[in-house]
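**Q** Chain by chain, the residues:
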Amino acid sequence: MEEDISGLGEDLFRNKATYIPTTELDLYFAKYLAEMSLEDEECDPTSYSLNSNLFRSPEFKKVDLITLGCSQTFGQGVDDLAIWPKLLSDSLGMSYVNLGMPAASVEDMVGSLFVYIRRYGKPKTVAALLPGYARISLPLKYEENSATDAKPSPTEKVGYSHLYLGYREVDGNRKDIPLYSKRPHKLDELLSYEVALHQSMFALSVLIEYCKVANIQLVFSSWNHGMNQLLEEKKNNPLTELDLSGCKTLFLEDIAESNCHTERQNDHSDIWHEARDCGHHMGAHAHIHYAELFEELIKNG
Amino acid sequence: MIKKIHPKATESIALEFSLDIESPTKSVFIEDPTHYNLNSKGFRSPEFGPRELLTVGCSQTVGLGVDEEDIWPALVSDLTGMSYANLGIVGNSAQGMFENVVAYVKAYGPPKVVCALYPGMYRFKTMLRKDANVALYHDKAKGLEVKNVNLSFASEGLEVEKSVEYAKRPFNLNDVLSYEVGLYQSLSAVNSLIEFCNVADIKLVLSTWEPDANELLKGKYGFIELENLSKFFYTPTEVDCHVQKLGDTKHVGRDSSGHMGSHQHLHFAELFVGGIK
Chain A
0 MEEDISGLGE
10 DLFRNKATYI
20 PTTELDLYFA
30 KYLAEMSLED
40 EECDPTSYSL
50 NSNLFRSPEF
60 KKVDLITLGC
70 SQTFGQGVDD
80 LAIWPKLLSD
90 SLGMSYVNLG
100 MPAASVEDMV
110 GSLFVYIRRY
120 GKPKTVAALL
130 PGYARISLPL
140 KYEENSATDA
150 KPSPTEKVGY
160 SHLYLGYREV
170 DGNRKDIPLY
180 SKRPHKLDEL
190 LSYEVALHQS
200 MFALSVLIEY
210 CKVANIQLVF
220 SSWNHGMNQL
230 LEEKKNNPLT
240 ELDLSGCKTL
250 FLEDIAESNC
260 HTERQNDHSD
270 IWHEARDCGH
280 HMGAHAHIHY
290 AELFEELIKN
300 G
Chain B
0 MIKKIHPKAT
10 ESIALEFSLD
20 IESPTKSVFI
30 EDPTHYNLNS
40 KGFRSPEFGP
50 RELLTVGCSQ
60 TVGLGVDEED
70 IWPALVSDLT
80 GMSYANLGIV
90 GNSAQGMFEN
100 VVAYVKAYGP
110 PKVVCALYPG
120 MYRFKTMLRK
130 DANVALYHDK
140 AKGLEVKNVN
150 LSFASEGLEV
160 EKSVEYAKRP
170 FNLNDVLSYE
180 VGLYQSLSAV
190 NSLIEFCNVA
200 DIKLVLSTWE
210 PDANELLKGK
220 YGFIELENLS
230 KFFYTPTEVD
240 CHVQKLGDTK
250 HVGRDSSGHM
260 GSHQHLHFAE
270 LFVGGIK
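The listed protein sequences correspond, in order, to chains A and B. First residue of the first sequence? That's 0 in numbering that gives the first Met the number 0, and the numbers climb one at a time after it. First residue of the second sequence? That's 0 in numbering that gives the first Met the number 0, and the numbers climb one at a time after it.
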């Protein structure tokens with residue numbers, strides 16, 4: 000099919016919803032930058048080198064490797080040279096772009112990959128570091144729906160938000176879904192986390208099947224404990240129809256407890272265990288481990 | 000590193016791509032004398048196998064209330080001479096349609112052409128947990144069920160019905176979610192099918208029988224609009240082309256749920272054939 004689908008986000012649902020999955024990459028990311036206040040040096044003194052599309056990536060073009068993910072792939076709080084997409088590219092000698100976007104959900108990642116490939120062509124390999132499945136993307140029509148961290152726009156009727164379902168904890172326990180709700184109904188409180196699980200797994204399935212028919216090597220893991228648990232369960236289930244051959248789990252807790260790579264610790268001593276932003280992102284040591292994990296998966300093909 | 004506690008991953012409930020064999024022709028409407036020939040997988044289709052044409056959609060693609068030789072998938076196959084399989088499933092959503100196409104391609108290889116007739120964008124697929132979330136027609140959900148849910152939507156010229164002011168757990172998704180939630184999910188699935196077919200080198204022809212979705216999508220995504228769709232939908236007796244006799248189902252399916260008749264099926268078949276060519 001050759002029909003032009005570029006710029007779909009510009010007007011298709013202006014009157015229905017302000018966001019659709021295939022909007023322009025640079026516009027898409029600029030929104031996050033504004034929201035995430037990456038310029039706030041008091042909270043995060045890290046210097047971020049961004050390309051002309053505002054991604055923390057080399058300039059966009061046809062490349063061998065695309066990295067996908069959220070803030071952990073963007074490398075929030077970690078120096079340019081220490082983030083896993085850069086380390087992976089260096090060790091493999093592959094040209095790359097990094098589509099990591101703070102707060103991205105699995106379906107955001109898939110949407111950005113679709114746009115990129117439409118515009119710049121297919122890579123040989125996609126490496127994806129998945130967020131938790133509790134994170135989903137949904138439109139909020141402000142007079143009807145709200146979410147804990149979403150601020151209604153003064154000008155738009157409908158906004159787009161990331162929600163974390165079944166994720167809120169009280170003293171270490173999941174917060175119960177409330178008995179009553181009043182309009183605007185708060186979606187991250189009244190929707191069970193299975194809604195997010197279904198949506199995230201649908202997006203992951205799309206990514207797997209898309210890469211398969213496109214003849215793109217897909218390797219993936221997750222920094223999120225729950226997602227890694229789920230992927231392990233699926234891998235151990237002989238009846239699963241998900242192709243998890245490109246998947247290997249790695250738990251951040253295990254990295255935190257390990258005492259390896261000490262020869263590289265001096266280069267990143269202030270961010271070795273944890274990034275220097277206020278968001279508790281993973282540090283340089285974890286980035287090394289995920290780069291090594293993806294390198295192994297890619298080489299083993 | 001802060002160690003967060005996460006909800007335990009739930010076993011055996013994550014989505015899998017497989018051909019949905021849950022009674023694809025099951026209708027909640029019992030007064031329907033139409034005879035349905037089903038294949039060994041339970042679909043109103045020739046037996047599955049490598050085929051040139053896949054048709055995918057909801058009850059309008061099953062052809063509820065219309066004889067087999069008059070439904071649009073059979074007509075497109077007749078008019079093009081292409082072998083086909085019909086993946087129509089009653090109540091299917093855009094997500095379900097994507098899953099069906101992928102499952103079929105995995106099982107039997109890619110067709111040359113996929114023709115997709117979408118339902119309204121208010122319908123989306125989600126997972127219901129009976130103590131938390133239910134939905135209209137699914138208010139007696141089991142523990143966990145993956146279901147296609149219809150959110151409130153606007154009929155022609157009407158305002159979208161607002162969510163209720165107060166709701167009580169288990170929350171009925173029809174009461175508490177805005178229409179845009181279904182819209183977003185559906186469009187994401189439409190987009191996925193477009194991209195999947197693009198890289199699989201499958202020609203994809205898209206349309207919808209639902210007037211509001213048609214208004215939303217016409218001219219976008221490669222959707223082909225059926226001329227006079229709104230008129231067909233609301234006042235089919237006023238459309239007087241194809242005057243040859245089309246039997247008792249000319250204007251509406253003979254099931255009692257208002258599905259489109261053989262005249263609309265004929266028009267959609269012609270539309271899809273035009274798209275293929």
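Certain hints may be false.
Below, a list of computed lysine-lysine pairs in the DSSO-like style, where the Cα atoms sit at most 27 Å apart [unchecked claim]:
#1 B:Lys202 to A:Lys211
#2 B:Lys230 to B:Lys111
#3 B:Lys129 to A:Lys247
#4 B:Lys111 to A:Lys123
#5 B:Lys111 to A:Lys121
#6 A:Lys234 to B:Lys202
#7 A:Lys181 to B:Lys129
#8 A:Lys185 to B:Lys161
Just so you know, these hints were derived from the structure itself, not from any lab.
**Q** Hints numbered earlier in the text: which of these fail when held up against the supplied structure?
**A** Violated: hints 2, 3 and 6.
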